[in-house]
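Could you build all of it, start to finish, from the sequences and the hints given here?
Here is what each chain is made of, one letter per residue.
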Amino acid sequence: MNALVVLVPIALLLGLLGLALFLWTLRSRQYEDLDGAAARILFDDLPRKDSKP
Amino acid sequence: MSSEPAIRERFQPAPIGLSRAHCAHCGTPLAPGQGAFCCAGCNGAHALVRGLGLDAFYRRQDTAAGTLRPPEAPPAFDAATLAVAQADGTQRLELMVSGLTCGACVWLVEQALAAEPDVLRARASLSARRLTVVWRGPAERARDLVALVARLGFRVAPWSPACLRATEDAEGQALLRALGIAAFGSMNVMLVSIAVWVGGDMGEQTRALMHWLAALIGLPTVLVAGMPFYRSAWDSLRARRGNMDLAVSLGVIATTLMSLSEAFRNGPYTWFDGATALLALLLAGRVLDRGMRRRARQAVAELLALQDGTVALLCADGTTRSVPAESIHAGDWLLVASGDRLRLDGVAVEEVVLDLGATTGESVPRRLPAGEILAAGSVNMGAGFRMRVTAALKDGSLAALGRLLERAEQGRGRFVSIADRAARFYVPIIHTVAFATFLGWWLGVGVSWQAALVPAVAALIVTCPCGLAIAVPAVQVAAVGALFRRGVLVASPTALERLASADHAVLDKTGTLSEGHPDLLPDATLDPAMLRLAASLARSSRHPLAQAVVRACPEAPALDQVVEVPGSGLRRGDVRLGSAAFCGVVEAPDSGMSLWLSLPGQPPIAFRFQDQLREDSGRVVAAIQALGLRTELLSGDAPATVEDAAEVTGIGPWQARATPADKAARIEALRGAGARPLMVGDGINDAAALAMAHVSVSPANGTDIAQAASDLVLRGEGLGALPYAIRVARRAQRLARQNIAFSLIYNVVAVPAAVLGFVTPLIAALVMASSSIIVICNALRAGKEPV
Chain H
1 MNALVVLVPI
11 ALLLGLLGLA
21 LFLWTLRSRQ
31 YEDLDGAAAR
41 ILFDDLPRKD
51 SKP
Chain F
1 MSSEPAIRER
11 FQPAPIGLSR
21 AHCAHCGTPL
31 APGQGAFCCA
41 GCNGAHALVR
51 GLGLDAFYRR
61 QDTAAGTLRP
71 PEAPPAFDAA
81 TLAVAQADGT
91 QRLELMVSGL
101 TCGACVWLVE
111 QALAAEPDVL
121 RARASLSARR
131 LTVVWRGPAE
141 RARDLVALVA
151 RLGFRVAPWS
161 PACLRATEDA
171 EGQALLRALG
181 IAAFGSMNVM
191 LVSIAVWVGG
201 DMGEQTRALM
211 HWLAALIGLP
221 TVLVAGMPFY
231 RSAWDSLRAR
241 RGNMDLAVSL
251 GVIATTLMSL
261 SEAFRNGPYT
271 WFDGATALLA
281 LLLAGRVLDR
291 GMRRRARQAV
301 AELLALQDGT
311 VALLCADGTT
321 RSVPAESIHA
331 GDWLLVASGD
341 RLRLDGVAVE
351 EVVLDLGATT
361 GESVPRRLPA
371 GEILAAGSVN
381 MGAGFRMRVT
391 AALKDGSLAA
401 LGRLLERAEQ
411 GRGRFVSIAD
421 RAARFYVPII
431 HTVAFATFLG
441 WWLGVGVSWQ
451 AALVPAVAAL
461 IVTCPCGLAI
471 AVPAVQVAAV
481 GALFRRGVLV
491 ASPTALERLA
501 SADHAVLDKT
511 GTLSEGHPDL
521 LPDATLDPAM
531 LRLAASLARS
541 SRHPLAQAVV
551 RACPEAPALD
561 QVVEVPGSGL
571 RRGDVRLGSA
581 AFCGVVEAPD
591 SGMSLWLSLP
601 GQPPIAFRFQ
611 DQLREDSGRV
621 VAAIQALGLR
631 TELLSGDAPA
641 TVEDAAEVTG
651 IGPWQARATP
661 ADKAARIEAL
671 RGAGARPLMV
681 GDGINDAAAL
691 AMAHVSVSPA
701 NGTDIAQAAS
711 DLVLRGEGLG
721 ALPYAIRVAR
731 RAQRLARQNI
741 AFSLIYNVVA
751 VPAAVLGFVT
761 PLIAALVMAS
771 SSIIVICNAL
781 RAGKEPV
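Respectively, the protein sequence lines represent chains H and F.
Numbering-wise (full-length UniProt numbering), the first sequence opens with residue 1 and increments by one.
Numbering-wise (full-length UniProt numbering), the second sequence opens with residue 1 and increments by one.
Don't take each hint at face value.
[As the list claims (entries may be wrong)] What the simulated footprint calls covered on chain F by chain H, stretch by stretch (three residues with Cβ under 8 angstroms from a Cβ of chain H suffice, anywhere in the stretch; the number is not a length):
no., segment
1, 101 to 111
2, 120 to 131
3, 722 to 728
Quick caveat, the hints were computed from the structure, so don't treat them as lab data.
Even for Gly, the Cβ is constructed at its ideal location relative to N, Cα and C.
In structure tokens form, the structure reads like this:
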């Protein structure tokens, strides 16, 4: 019973953390262009400008 | 990916004169005599890419040959007016970019724009073909940025509200969020539930704790994640029609309430896991279904956005300005250049030659005297002319047609999909069974009402609409995805079902069975050298006949010093290519479909043109007939041409000189006689018939109004994919029926067990998961047909 008092909140907290992360990715529009994201990881070029104005 | 040799070939352009070389920019096969590039535009684009140091693009590029050929005319819209000033002083522009088909294209566009000193951010979306550019500076810079993208070989159009509607961002996001919450909830409830299932020796208090933990997670999940279903169920209740969402909502809510009552009296099990898992599974199906259809709708929106909607307005000082067609009022004067499509109705003060293919279906251009009303949608085949607009866009013939289409589509909205038909018959039965179970245990056996609730709800959840609710969407996802890969865009949710049941195909001729544009008639007496010379001259003109000559001899090099005499022809020194009068021919047969080439000291040579049938049209018609559809040809063209086309393709009955009203009436008559007509057409004159037909298809080169009225759009060249689409639709329909039958059989076994009280949450979960998996596996077969 003592173990439950510790483990259940930990399990729930981890789950909630995952959910919060998912909602964050959704809000920052990371699922809008799934095809583009798949291609994008292959490009490692930095923007060709040294400094942004 | 392109093969290794093809890449090398592209990088080291073959020496002049070798065949099988490819354009170093767009990859089009080159004809002998061309250098490294197929056109000046590609040469410029290649120099631009190299100049920016972005030649890595050519190693990564994965586009179809020819898609990256820069358009000859610059974009017709004024990008500066589309830029939106942001609060922080930057400018933002949203564009639709066509040709953006691979990751390398995204990279090229973004890098090329980012290399501009004042651009802060450039982001292209590969799925939506949408480009967002943010820069600091004046709005006029938008023109340069758009021109840069166009010079790279991409076609650009304003990101219009039509594209926005196609993405329906907000609704899709809400669905995805609901899925995330349901998945989280179901997994965590399951964590608690499994402890209860296996913990037979668990103390009373521990079990109560577990029940309330499950309730703590399950209640908010059911409340939030179920919203899409509750909303749709509420709508259907108000319309007094049962649908699948009503069954899902009732099942989920009843299970939750029963679980709550079990938690209060500390019963052996709660059923929160069942309720949340059901939601998660159904939402997953819905998200996939929506994603697939969204891709197709976006592709249709892309086709529509590329149809340029601007016109050349004549100002008081004699200059012209390119403005959107919506901003024109009746009484304005427009300049219609040779080869332009009329966007508005109007009258001209001179005689004009128009191709009425899209408005009436006639394949031969017609001469219209001064003062005659010119219908929007026709193409100017003669010289440029000035036209007085007689009606603004919203009062014109196109808008009237649009209103007609809306009415026709409302009529078609009554079609009930097979899933809803199954739900209508099934929902009342399971609810009656569940209610009878409750009464039986409570009043008949005499247990407490809380205990009686358990088998009643167990019956609800094992008959769970799960397999049934996922049965049809799963098939749809597989079939629509397979069709998308073959270039068939499915725009309407019930299109496949209607296509599968079509038994009568009505085809249009001009633009559907035929190419829709003039082609040079083969002539054995024609000297190839003369054709080559004519094509070289014709390269300087946008006129449809000139372009037909170029298509007949694509390897002819372009010549300089060619002068275009508007409305007459082309001249280079003493060599002339153009109308009969222009070349000094007197007794010319007046069809409007011939060109003459005259050289000093030689008799003039005639080139004759005709709107030719597509190569594969005979095969397609035969394939449709083999699928058991009766075929019929309905055209606005002259009887002789239509009869000829009907004979060549083997279509049964045909009707010529059909007006738009005739076409619609014929469809109506077919429907009245109990047939389910499939209408295939491309023109403005087909739109009403398309909207009224049981199911409608339009080819890629169709007019925007026809595509908007169609259920399916074929993206490839011609109708080749149509028989395939019918086969896939029929197969999908068969699989959907199998799935529904399977779910019903499952229930016949599971319901008695639930009613008698043998079903525990564990068994219910197994039943739910296994039936869903079987249904999904069966659905996956929809996309797998040997071609």
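Count the residues of the segment 101 to 111 of chain F with a beta-carbon closer than 8 angstroms to any beta-carbon of chain H: does the count reach three? Since 6 is at least three, the answer is holds.
Are three or more residues of the segment 120 to 131 of chain F within 8 angstroms, CB to CB, of chain H? Answer holds; 6 residues pass the 8 angstroms Cβ test.
Are 3 or more residues of the segment 722 to 728 of chain F near chain H, judged by a Cβ distance of less than 8 angstroms? violated (count 0)
Of the numbered hints given earlier, the model fails hint 3 alone.
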